[in-house]
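Construct the complete structure from the given sequences, taking the supplied hints into account.
Residue numbers (the working numbering), protein chains in the order written: chain A, 1 to 283; chain B, 1001 to 1886.
Where hints are given, some of them may not hold.
Claimed, not checked - Not everything, but these chain A residues come out facing chain B in the computed CB check (under 8 Å):
1) Val51
2) Leu52
3) Pro86
4) Asn106
5) Ala186
6) Val259
Said to hold, decoys possible - Here are some chain B residues the structure puts well away from chain A; computed CB gaps all over 10 Å:
7) Gly1008
8) Ala1085
9) Ala1140
10) Asp1538
11) Lys1559
12) His1561
13) Gly1633
14) Ser1637
15) Glu1673
16) Ser1692
17) Ala1762
For the record, the hints were derived by calculation from the structure and aren't laboratory data.
The structure displayed is predicted, hence computed values, not measured ones.
All residues carry an ideal CB built from backbone N, CA and C; glycine is no exception.
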Amino acid sequence: MHMNSAPSVRDYARPGTLAAATELLAQGGWRVLAGGTDLYPGAGPGLPGRVLDLTGLPELSGIMEGRGLRIGAATTWAAIAGTKLPPAARALQQAARQVGGQQVQNAGTIGGNLCNASPAADGVPPLLALEAEVELVSAAGVRRLLLAEFLLGPRRTALRPGEILAAVLIPEAALCGGSAFVKLGARSHLVISIAMVAARVVLEGGRVTGAAIAVGSCSPVAVRLPTVEAALVGASVAGAEGRVTAAEVQAALSPIDDVRATAGYRRAAVVELVRRAVAEAVA
Amino acid sequence: MIRFSLNGAPVVVEAPPTERLSETLRERLGKVGTKVGCDAGDCGACTVLLDGAAVCACLTPALRVDGRVVTTVEGETPELTRLRAAFHAHGAAQCGICTPGMLLTAAELLARTPQPSAAEVETGLGGVLCRCTGYRSIIAAVVAAGQGELPSAAEGGVGVSVRRLDGAAKVAGDSFGADDWPEGALVVKAVRSPHPHAAFAIVDLAAFRARPGVAAVFTAADIPGRNAFSVIPPFADQPAIAASPARFRGECVALVAFEPDAEPDLSGFPITWTPLPVLSTPEEAEAGEPLHPNRPGNLLIEGRVVKGDAAAALARSAHVVEGTMTTAFVEHAYIEPEAGSAWMEGEMLAIRACTQAPGMDREDTAAILGLPLDRVRIIPSAVGGGFGSKLDISLQPLIGLVTLKTGRPSRMTYSRHESMTSTTKRHPAEMRGRIGCDADGRIMGMEFEGRFNTGAYSSWGPTVANRVPVHVSGPYFTPAIAARARAIHTHGPVSGAFRGFGVPQGALWQETMFDRLADKAGIDRLEFRLRNALCDGDASATGQVLQATGIHPCLVALKPHWTRALADAKGQGGRGVGVASCWYGCGNTALPNPSTIRIGLSPEGEVVLHQGATDIGQGSNTVIAQIAAEAVGLPLSAFWLIGPDTALTPDAGKTSASRQTYVTGRAAKAAAEGLRAEILRRANAGEGAVLSLEGASVLVRDRGMTARIDLAALPADAHGHALSAEASYDPPTSKLDENGQGAPYAVYGYGAQMVELEVDRALGTVRLLKITAAHDVGRAINPMLVQGQIEGGIAQGIGMALMEEYLPGRTENLHDYLIPTFGDVPPIESLIIEVPDPEGPFGAKGLGEHVLIPTAPAILNAIRHATGAEITRIPALPHRVLEALR
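Right under this line is the structure:
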């Protein structure tokens, strides 16, 4: 059908530079679109309102290695999965291969995943374990926030009006160690997780010298488990998972009952998932 | 203006920039091969290639393809050509609705990985859902396309794995309900209840009617005929458009027809809602206000089967087990949401829509619209999966009303949400009872009581209530039985038909109880079943003396696999093996359900089969033609199929109750034999004559002589045929008496499945390793299609056992409501058993529903074997398994 009142070209912009994008955004009234995998579900034949499409911005695309990693916010999951990255980012790449199916991975972006701020966002635990920061750009300037500061709650972020999430930054110091991502769901593919864990573990001389562990789908925002991380330091490869205690894992989490599982189940299962993620990360 | 390359040709199209690409392709460019299943990226049906990368067209803004290259199923690439051939050869397209998305996703995979392994296919295609095939044939097809190896095309009649006659259309992007509509068709949208029970008032329609783009608005008051339907006419209770109150969430309360160029916007529709008390469970409903005044206690119906003295038999039993089983609403989740279009042909109202039952659609639609039967024509589109839900009318009377009242063509396509909320579900069941056996493990007696949540309206509730007590013994000799099943109304979604009519729920209870009873008696679980398996001459629970019983050979066929699997699992922590059986009566329960088939020879020398059995993916277009070809003695390649279409094909009944191969197959065999007899009579030839076609002539070779019948020289009959024959068949059954005694079915099919799995004891997750399925089909008319049914039924059984639970208001989409994906269906070994039934065509029995029944109980039995955990509520989600483990 051809809609009379459908949005016209003036309700849509696909700027070619970040400066042009932030200038438009500063005028207000725009809804930001990247891969579209979270905006389109629930919409009608098209998206309502004025839409600012970020996929034409070269600054937002691709992965740059320098001191650390800079991942453009509009980089797709398929691109992240298909790039050669250090073992510390293996968890992120494992997560990238489990965000929906190939179709969603080809379109969905890392920045969209963060801005959508779902408690079950697959990208968040691996990025928390990588000490990720986000770069927020507006006409007024650039600011950086730790990812943990950016995510405020379910569907809530620290993004201000006029700001664009331009890049995810991973500090060089976090790009060490091995990592693993473990996602638990009731089917093989296309599944929203019941719980998920990303673990990054640094070994020196066969002993754990540092660990970063993050859990998703068990609290309003995915969280790190600092006490569990601290307990791992000094452990041998074989002894690492044995240092993960149920009490320390569960203390940091506040899971809920939903259609996928009960809170009690999540509390129990996540302990096992942390152990498995740690074991895989040190393997 | 958006300019891009579409399938190699430049295209210019004007579209809103953020319009879904699926919408642009289908509505503006007429490329309806791209199917829409969910508009949310959950199903992958709309997958297209954008610069070679698979994307969901429903999630892609139209303007984003500007200057780029788009490939749809209408395109030709080397990968697509190979894949199409492989899908066709492997039976990888059943209903065909997921096929375009599968093909394009596989094309991307082949471009990246030219010779993928099975595991690579599973991962690469994991973003596309299929509800028919169980994925295994798709994996085989893509692997074969990579290897460049295809099985050779088979020709022949009965017993040959010929390729689907409609398969070429399926791999090209078939025409489903949403894919064809008359120019200028009004777009129809339904206003639906957001509450499970609510009074409502529609006021000031005049203002809404005056909105630009609104062509017409209709409410219950506009229904010209009887605003009450049911698949079983004496129970007619469901309005096409409800008058206040609405009795379930998703019920249609008004229709708006929009002009074709208008935005179909229902916001601001003038309706006010007053929520009313909700009866959610049968327990609440039995004590609550009746939904329908003539059904006190909200009891729709009770079915019962009583034979012998079950209580006394249990008292005499050496071993008795007692237990419960609870099941959930299950959604059919076909990938094609309901869709269709309507137009007037003179005085005739024509409706083209997805359906399993064109004859019933015609009767119900005519009654609702107050039309005589001969003023309604139903033309089934290709059907993108049905599984029972498309037996009930959905949009047929709605678009029919719009077209009848306005005189203009109309069309309607349900959203995924609308499809899930407003159509029928599998009945949730609460079952309990006892089974006893003697010291040798022979069943003595059974007591069973089941309460089924039938939802707001009758639909197939009576069938479920009657089928369950008849089948709940399983295919085992049970001398004494007292079984009853009640269907209780609630304010839940309407429970209707879903592959097995309640029998899968009953089998879950019975087969899991059998494992406990076998253990109590100290007998191997397969041996226990063999000891009790029905044999020829045994009387069933309804007192029917059975023939052609196939359960014994099915269980025997599993025996070597059972021994191997038990040995494999031994000592492996978490590994388990389970077995369960099924039996299922083919056709209506103790009610007539005739089929009629017409076959003719055209003056041009084609065999014309008027094939009214709706093919919803199961393969009746092919199977009925194979039966007819065999019976008439002419090659299948000479056949031309007409229909289904109520104006062109005699009534072959509904695609339901596993009846088409058997019942319509018998009619086809009789009609074809009639045509053959007429040919032989004209040629004065004997029974053994060999027929062939040569141009417009039939050649009849008999004892060295060849006679020629010149078809062009014969006068054409009313259907344009030179020669033709028509025949009907109705299964010989008898009514059930007040104790449920009688012969409700003329043919039963049997089966048994063995599941090997691994339970993760720490997480409660279940990994299926292999399923071995032995099914007695009497005679496999087309073994490839039999295997397709087995694999697809198993996939739905897996979903029912492990993940599927429809919760109104909570799992009304395909990401919260989970169905199996690639990777959830393990390798399946099909063992086709043939115990010919004298009543079936060439001995064939039905199969479609049987294949789902054993899977879920075999899974639960394997979980118990692996861990000792007894699951009494499905789906066995990880948290329930873990709880049962502790």
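Each hint, compared with the structure:
1. Val51: holds (5 Å)
2. Leu52: violated (11 Å)
3. Pro86: violated (23 Å)
4. Asn106: holds (5 Å)
5. Ala186: holds (5 Å)
6. Val259: Result: holds, 5 Å to nearest chain B Cβ.
7. Gly1008: It holds; Gly1008/B is separated from chain A by about 21 Å at its closest Cβ, greater than 10 Å.
8. Ala1085: holds (23 Å)
9. Ala1140: holds (18 Å)
10. Asp1538: About 41 Å separates Asp1538/B from the closest Cβ of chain A, which puts it past 10 Å; holds.
11. Lys1559: The assertion about Lys1559/B holds, with a minimum of 31 Å to chain A.
12. His1561: holds (24 Å)
13. Gly1633: holds (48 Å)
14. Ser1637: holds (38 Å)
15. Glu1673: holds (48 Å)
16. Ser1692: holds (50 Å)
17. Ala1762: violated (4 Å)
The structure is inconsistent with the numbered hints 2, 3, 17, although it conforms to all the rest.
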